[in-house]
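Engineer: Spelled out, the chains give:
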Amino acid sequence: MAITQDGVELGVTISELAAEKIKYFAIKEGLDDGVGVRVAVKGGGCSGLTYDLSITNEELDSDKIVEQHGVKVMVDKKSYIYLVGTELEFSDGLNGKGFVFVNPNAKKTCGCGTSFSV
Amino acid sequence: MALQRTALHETAGGNMQERFGWELPATITTLSSEYSAATTGTVVHDLSYAGRLHATGADVLDLLNRLSTNKVDELESGQGAPTILTSDSGRIIDLIQVVNMGDHILLITSPGTQQTTIDWLDKYTIMEDLEVDDHTTTTVMLKLLGPGSSQWLEQNAGIGLTDLLPYGMLPAQIAKISVQVIDKPLGRKPGFAILVSNADAPALWTDMVEMGVTPIGTDAYETLRVESAVPAYGTEMGESYNPLEAGLIGSIDFAKGCYIGQEVIARLDTYQKVQKHLVTLRFSEASAPTPGLGLMSDGRVVGRVTSLGPIPKNGYVNGLGYVRKALALEGTRLEMESPGEGSAEITGFSQLFGPGV
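Just so you know, the sequences run in chain order R and C.
Taken in order, the first sequence gives residues 1 to 118; the numbers are from this note's numbering.
Taken in order, the second sequence gives residues 119 to 475; the numbers are from this note's numbering.
Be aware that a few hints might be false.
[Said to hold, decoys possible] Below, simulated BS3-like cross-link-like pairs (lysine-lysine); rule was C-alpha separation at most 27 Å, straight line:
{"id": "1", "chain 1": "C", "residue 1": "Lys189", "chain 2": "R", "residue 2": "Lys108"}
{"id": "2", "chain 1": "R", "residue 1": "Lys107", "chain 2": "C", "residue 2": "Lys391"}
{"id": "3", "chain 1": "R", "residue 1": "Lys107", "chain 2": "C", "residue 2": "Lys241"}
{"id": "4", "chain 1": "R", "residue 1": "Lys42", "chain 2": "C", "residue 2": "Lys374"}
{"id": "5", "chain 1": "R", "residue 1": "Lys107", "chain 2": "R", "residue 2": "Lys78"}
{"id": "6", "chain 1": "C", "residue 1": "Lys241", "chain 2": "R", "residue 2": "Lys77"}
{"id": "7", "chain 1": "C", "residue 1": "Lys391", "chain 2": "R", "residue 2": "Lys108"}
Worth flagging that the hints you see were computed from the coordinates, not collected in a lab.
Could you build all of it, start to finish, from the sequences and the hints given here?
Structural biologist: This is the structure in structure tokens:
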């Protein structure tokens, strides 16, 4: 199932800085070809649902894939409905939070930002 | 809908009444003799009406750890723990005991809440490998209680209780019948759940009674529960209450990390924002308490009665209730809201109790 807006299929997008950080971690893990990040949702966290990120180059048949800034963003079918329209950003600096999810589906988000409810 | 019956319905007999959608014996002999045995010897109660779920799959413990208050992700075979499923506002969905049985994870729920627990787990299962089946009616679960219960098990089940970890499980045999013994205290009182197949349950029950264990019905069991300040689902637990109010702090791990409702519970604890506490109450002779009746101080309602013990102790009716924190102190006397009369004295404070403490 694809969710569209004005005829354009929505997916999970990634900012340039977040893409650079993904590449950095991918190289550290020994992956430099077809670098990708899997974005998923799991039950848990303070608000009920929590984000899960993993560096990978393994695609699943049911994945929704968007390639941006040289990084493949892979989202499984079940997580997709919670994440559609989400932008993955990176909050840098001493008090930065690291990877940050800007998720338009989240009605409530916990204090640390890693958990949400819809 | 027809009432459910346990596999011991015919064997145990007794004065049947409806409870939790089951036809259960309120008493098997007399309430006073059953209660007396429970406070001096060893008693057995057919607790098969409490929910039992079997969870299988690689992610069971990991998911439960993310959804509930206690640390359960590293439970090995034979180990167990009580934990509370909480909503994102930190309210109680149910208190469950999680036991790693080796080939599956057993979840013991409150009576009648097994479907609530299944639905809750299902709601938060997205990619996880997890299957949950209701086994409430496929086995019998006995509850062994009383000051003699530990010794009775050591002598008759061939197990050393030092090998039975808190809330854990040991396989055993009683009268040559294979059972699984689970540590399941009632508040601070020792208690054990004994799981047995439906087929073997009548013979086991008969043998245990012949071996001197007194069978008790739901009234004596309820009396013991109320005395022990153990909250029950529907009266003291549910989405109107948080675990700190219900005295379940022993089932919360404050260092384990995130779970649903963790932020709220941590804040309530850190800033001491708990509004009310579960207390044990002793009603004056003149009072006629009923569950739901208000408890008054200076003309204001400051609490409510939630449960009543079916048998008076030393002539006084005992009960449980929630009372505002400032007044939830041992010895505080509260008046009964009209049409009740007389007063209720707070005799205990459940905050220090709870599984795990």
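Engineer: Work down the list of hints and note, for each, if the structure agrees.
Structural biologist: Results for each hint:
1. C:Lys189 with R:Lys108: holds, 25 Å
2. R:Lys107 with C:Lys391: Within the cut-off at roughly 25 Å; holds.
3. R:Lys107 with C:Lys241: holds, 17 Å
4. R:Lys42 with C:Lys374: Distance of about 17 Å is within 27 Å: holds.
5. R:Lys107 with R:Lys78: OK: Lys107 of chain R and Lys78 of chain R at ~19 Å, within 27 Å.
6. C:Lys241 with R:Lys77: holds, 16 Å
7. C:Lys391 with R:Lys108: holds, 22 Å
In terms of the numbered hints stated before, the structure departs from none.
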